[in-house]
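*Asks:* For the sequence shown, UniProt numbering assigns the number 1 to the initial residue and increments by one for each residue that follows.
Since the hints were derived computationally from the structure, they do not count as laboratory data. These numbers come from a predicted model, not from an experiment. A couple of the hints might just be wrong.
[Unchecked claim] Simulated restraints, written as ranges between beta carbons of each label pair:
id	residue 1	residue 2	range
1	Met70	Gly101	42 to 48 Å
2	Arg43	Lys72	52 to 58 Å
3	Glu60	Gln37	53 to 59 Å
4	Lys72	Val92	28 to 34 Å
5	Leu74	Ser94	29 to 35 Å
6	Leu95	Ala71	32 to 38 Å
[Unchecked claim] Mimicking EDC-like on lysine to aspartate or glutamate, the simulated pairs with C-alpha atoms at most 20 Å apart in a straight line are:
id	residue 1	residue 2
7	Lys72	Glu82
8	Lys30	Glu41
9	Lys85	Glu67
10	Lys30	Glu42
11	Lys52	Glu42
12	Lys52	Glu41
13	Lys72	Asp84
14	Lys72	Glu55
15	Lys50	Glu60
C-beta atoms are modelled at their ideal positions from N, C-alpha and C, and glycine is treated no differently.
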Amino acid sequence: MGPRQGNAINLRGPQTGYLTHAAAGAFVVKLETLSNQVTGEERNFQKTDKDKELETLRNEIAVLRGENAMAKMLQSAVEALERDKSQLQGCVTSLEQRLMGQQAS
1 MGPRQGNAIN LRGPQTGYLT HAAAGAFVVK LETLSNQVTG EERNFQKTDK DKELETLRNE
61 IAVLRGENAM AKMLQSAVEA LERDKSQLQG CVTSLEQRLM GQQAS
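Please build the complete structure, drawing on both the sequences and the hints.
*Replies:* So, in structure tokens, the structure goes:
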């Protein structure tokens, strides 16, 4: 027996021992269908990974926006404290001058 015998190819079938061309064709179609399903699932899996990565990036952006808002608030607080410090320094200088004037008299 060679690899081909009549209308059969040398693939073992459950009853005849060989698959006909039609059965072999159906087998190939089934394999292609399964292969396409796996490829589709891989794409879905990759899409899911990309969705997860996108969600992670969105979360990081939200955190960075929060940190940016906090930094702006802290910067405003620092500027207000610097203004207060400057005013207090002016008051201290004025009081020191008044004290020196009183001591001189």
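*Asks:* All hints are to be evaluated individually against the structure, with a verdict given for each.
*Replies:* Status of each hint after checking the structure:
Against the hinted window of 42 to 48 Å, the Cβ-Cβ separation of Met70 and Gly101 comes to about 46 Å, which satisfies the hint. Take Arg43 and Lys72: their Cβ atoms lie about 43 Å apart, and the range 52 to 58 Å is violated. Separation of Glu60 from Gln37 is about 34 Å and departs from the stated range, judged on CB atoms against 53 to 59 Å. In this structure the hint that Lys72 and Val92 lie 28 to 34 Å apart at CB holds, the actual value being about 30 Å.
Against the hinted window of 29 to 35 Å, the Cβ-Cβ separation of Leu74 and Ser94 comes to about 30 Å, which satisfies the hint. Between Leu95 and Ala71 the beta carbon distance is about 36 Å. The supplied range of 32 to 38 Å therefore holds. Note on Lys72 and Glu82: the hinted pairing holds, with a Cα-Cα distance of about 15 Å set against a maximum of 20 Å. Between the alpha carbons of Lys30 and Glu41 the distance comes to roughly 16 Å, so the proposed pair stays at or under 20 Å and holds.
A threshold of 20 Å between alpha carbons decides the hint, and for Lys85 with Glu67 the separation of about 26 Å lies outside it, so the pair is violated. Under the criterion of a C-alpha separation no larger than 20 Å, the hint pairing Lys30 with Glu42 is consistent with the structure, at around 18 Å. For the suggested pair Lys52 and Glu42, the alpha carbons sit about 15 Å apart, so the restraint of at most 20 Å is met. Simply put, Lys52 and Glu41 have alpha-carbon atoms about 16 Å apart, close enough for the 20 Å limit, and the pair holds.
The suggested pairing of Lys72 with Asp84 holds, with an alpha-carbon distance near 18 Å, which does not exceed 20 Å. For a cut-off of 20 Å, the pair hint linking Lys72 to Glu55 is broken: about 26 Å separates their Cα positions. The suggested pairing of Lys50 with Glu60 holds, with an alpha-carbon distance near 15 Å, which does not exceed 20 Å.
Checked against the numbered hints above, the structure violates hints 2, 3, 9 and 14; every other hint is satisfied.
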